[in-house]
Every structure is written in C-alpha cells, then in structure tokens.
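Enquirer: These are the residues of each chain, in order.
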Amino acid sequence: MHVIRELLDMQIVDRDDEHVGRVDGIVAELRNGEPPVVVSLELGFVTIARRIHRGLEAVAERMHKRWSVRRSARYRIPWSDVMEVNTHHVRIDVRAEETVAFDWER
Amino acid sequence: MKKGLQLALGILTAIGGFFDIGNLVTASQAGAKFRFQLLWALLLGTIIVILLVEMSGRLAAVSKKTIPEVAREHFGVRVWFGPFVILVLVHLMTIAAEIGGIAFALQLLTGISFQLWALPVGILVWLFLWRSTFSAIEFSTASLGLITLCFVVAAVWHHPPRSDLLAGLLPSLPSDDGAKYWLYAVGILGALIAPYMFYFYSSGAIEDEWDRTYLGINRIVSVTGMSFGALITAGLIVVAGMVLFPKGIAVDSVNQAAFVLTEAFPFWGFALFAVSMGIACLGAVLEVSLSLAYTVSQTFGWRWGESLEPKQDARFALVYTVGILAASLLMTLGIDPLRLTIYTMALNAMMLPVVSIPFLLLMNDGHLLHEHGNGILGNLATGVIVLISCVLFAVSIPLVLLGGG
Amino acid sequence: MTTRRFRLDDLVGRMVRDAEGRSVGRIYDMRAEERNGELAIVEYHVGSAALLERVGLSMLRLIGLHRITPCKVPWDRLDISDPDHPVLRS
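Residue numbers (the working numbering), protein chains in the order written: chain A, 1 to 106; chain B, 1 to 405; chain C, 1 to 90.
Read the hints as simulated data drawn from the structure, not as lab findings. We put the CB at the ideal spot given by N, CA and C, even for glycine. Any given hint could be a false lead.
Unchecked claim - Where chain C lies over chain A, by a calculated footprint (3+ residues, C-beta under 8 Å):
no. : segment
1   : 23 to 34
2   : 37 to 44
Stated by the list, open to error - These stretches of chain C come out as covered by chain A in the derived footprint (C-beta under 8 Å, 3 or more residues):
no. : segment
3   : 17 to 26
4   : 35 to 49
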C-alpha cells in the first residue's frame, strides 16, 4: 500500500458506512533494527493545522481549548481498529456514534 | 421511468440554478453599453461551462465521489487548503450577492429598502434549507425558475436584426471604452463559470445516486440545461441592447436594468423583472449555500446530505447556517448589490485556474475513472480551458481597477 | 528495544540528504506491507518522479513519461531518527 497516496486524507467510515472523518495524520513508531510501523490514524483540526504549517498547530490548539465542542483535540484510531482500506474509504471497527466525530451532533 | 424524471429534473435545475444575479447584472450591463457585441463571451462561457459540468457529473457518477472529496484525497490537505479557503470566500460573497438580489427585488416591488429585507430573506432561505429535502429544492428551483423565460419572450418580441446578432457571436473589438468592454467580457465569463455550479452538480449527482448508467443523462443534462440557461442570459443581453442601448442608458444600478421588460410587457414589465430577479436569485442562493456546505463537509470528511435530518449532520447544517447569516448581515449593512456582484464575478473569473487545473489532472486518473476518463479531445478542450483560465487570472483584477466597476 | 513515535505526514516533502550532506530528493510517498498483523513501512519513494506519481501520473501517460520510475529507498537505508532531516545511509 502506498501510505501517502492511498491512506492519508482518505475518508474514514464505520461499520455502518457512516462518515467518521478523514485521515488527517498518521502516527508511526520507529523501532531499532526493524521497519517503522504504523500505530494509529489521527483526526482533528489541530492535525490539519500542523500539516499546513508547523506554527499553526499551537494556534489551533489554543482555539480548541476555547471554543471546541469535542472532548479531545486530536482523535486517534489505533491501526488494529482498521478493518479495510480501499480506493473509496478506510473502514474502522467502531460505531461512529461512539467516536469523537459525533460530539457535534450530540 | 426514474431516469426520465431525473433527466427532466436535471435540465430544469440546471436552468434554475444557472441564471442568477451574476448573469443578470453582467448581461444587462453588457447589452446596455455594447448592444450585442459581447454575445461571443456568452457563447464561449457556455461551451466552457458545459464541458466542465459534464466532467463534474462524470467524475461523480463513475468514482462515486464529489469534487472536494477527490481533490483532498488526490492532492492532500496541504495543497488543497489554499484553493479551499478561496472557494469558501467566493461562495460567501456569492451568497451575499444573491441575498442582495432577492432583497433588491423586494425593494423594487415594495419601495422598502433592500437593507431591511436582507435579514428576513436570509431567515427564509435558511428555513427552506433546514426543512427541505434535496429533491424538494431541486423541484422548486426548477419550476419557479421557468419564469425567467420572460427574457427570451421579450427578446423575440423585439425582433432584433439577425445579422447584428450573428455579428455579436463573433469576437470584435469595441469602438470605445475598451476597458469596460473587456471588464464586462470577464464579468460574463465569471458569471457563467461560477465554481458553485460544478461543486453543487457533482454533489447533486451523489445525492441523486447516479452511477455509470447515468453518463448519457449527464451529457444531455449538461448540454441542454446550460444551453437553456445561456439562452435566457442571451435574451437579457438582447433586450437590454434593444431597450437601454438606443437610449444611452447605462446600468449603474439595478434600478436601470429593471426597465428592460417595459416595452415588451407594458403594464407589468417592471414587476415581472423584479419577480424574475427574486426567483432566480432564490434558486441560486439555495444552490450556492448547499455548495458551500458540501465543500466544507466533504473536505473535512463530515457527514453531509441535504436529505438528512439536520440533527444527523449538524456540522453540515452549521456551515450553511453561518454562511447565510453572515451574508445577510453583510447586506443589511447596505453594500451595493451591483458592485458586490461585479467584484464577485471578477473573482470567479480570476479563480478559474483553481477550478480548471484540477479537472485536467483528475479526469485522467485511471483509478478514479477507469475507462471513462478524458480522451485526447477531452484533454485538448480542458487544456484550452486551462489556458483561458490563466489569461483570466492575469487580467481580472487590472480590469476591475481600470474599468471602474 | 527503543521506540519513538513520529508522524508519517511530517516526512512528506522532507529533503533526504546523504552522509556528505548532498541532496538526494524529497520524500513523497512510502510503501507499506502487512507484517505480523502490523503495517510496516518498507520503502520510501524519493524525488520528482515520486511526486509526479503521487499527483499527476495520469497526465504523464500522454507524454510518455510514465516509464520513469521513482527512486525507491528501502527502510533500512534511511535514518529518520530526526524526522525533519532524513539521512541516506550508505
């Protein structure tokens, strides 16, 4: 799999095909003597801010503290929860209502 | 049967959403100042918009994704963010201009200042979006929008000289006031090739669950819908050319444009113009607001869809709510709808590279479109559109400054 | 076993240099494989061909450039202990 081309920025859906968000960032683990391993997918405005410009991350975090509805600034989905990755979406093994994605709707 | 209905609905929606304050202002100004000389700009813009709309529909039907979705996935959030911000800005300005259009139409009919109408209009528009489904909106904008055919009727009534019309379809140089001529040409193109048209169309195709079997319908809808819309715009140029041009009346405010129908429809021409303008802008504002909500929701991967209960896609609904509110407040401040429209159209034209270049790249992606990508002819046409876009990008701002808006 | 967390998206666009500090190319993509139930990064794609592959491969079909393959760096030849400054090991 081409991680940047096929995983990053893809739409994330849950078991019932509900939209959860997009892959805004990918967290990996660097290991001695072994290839790096993808640990989790990350979602959130703060993550996007960092990708646009490192300096914006701090700004986004401050904004989040003041105004946000969500519980956490960065939402991480462990790689073990990922069920499938195809050209259309990334499917994860949770129900969207349980995730941070629906904090707004609540 | 379902496809037949879709076809009819699609064509009507294309007509309904096509003609808006942008077309109205640029067409009446062009006709009043230069008679039929700028018909070529309308023709060029129509061809471009037909091609781009068809591509938007094809992309949605085959890849089952909308333009913002594909753009973010293909280019990454870093590259997409700049264009995204500009698109949001243009959408907001357009919403404000359309609300200004409805409010001004009410001013023409009642005498009460458009500033006082702006907020009530915004609330009405918002209520409609909050409570309706996608098909309800499609149907209403479609059927109501037919009233704009009055411009075509009036144009025919005036019996414009055919030779002059044909001469106008070919590009010509103006005898004087060159800056205004090219400004109006850019304005007409900007009014026709508005980003919200494609973004709304591609999301609409997904809302209506199009698939590969709809490619034929897509082609028919894009050609006939856009052509009919262009016909109505042409009607307005002709009427303005027959009524305002001989009298030397320039359209510096919408008030002057409102008289164009008074010769063909002596008793109710003024009111007819106002009603047409109001309804056209209403259809357009619904589309632009939805287009804004689609673009933002799809870029961030939120749940979206007009047919869902607002409870289920709160963020999607929040986007159009904030957009309409901000736009209404802006117009309450008393910004001249005409000026705002001209600046917005120029910005549309300037932004065309942002709209067209992604098409050039995306329509060739085999993973997305399988065997339905652009062929050599399609790429050639898109390439030409990209070139024209770059020219427009370079000249838009200078022309606004020179032409005096 | 020492481990450290870092972001893959931080690596995108970073210039890879060799031991002498010369520019090799920028990282534009990575290939990963499932190993023992984990997703392991096995290759980094570096250079302008990699960028074109990521964004515009589609267009290249027309010009015949698709035969240029990107520079692929195996995972053990790239030192990313400092993700902002990847270094090519010899």
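Enquirer: Does each hint fit the structure? Answer for all of them.
Expert: Hint-by-hint comparison with the structure:
1. 23 to 34: holds (count 10)
2. 37 to 44: Held - the segment 37 to 44 of chain A has 4 residues with a Cβ nearer than 8 Å to chain C, which meets the minimum of three.
3. 17 to 26: violated (count 0)
4. 35 to 49: Satisfied; 8 residues make the cut.
Checked against the numbered hints above, the structure violates only hint 3.
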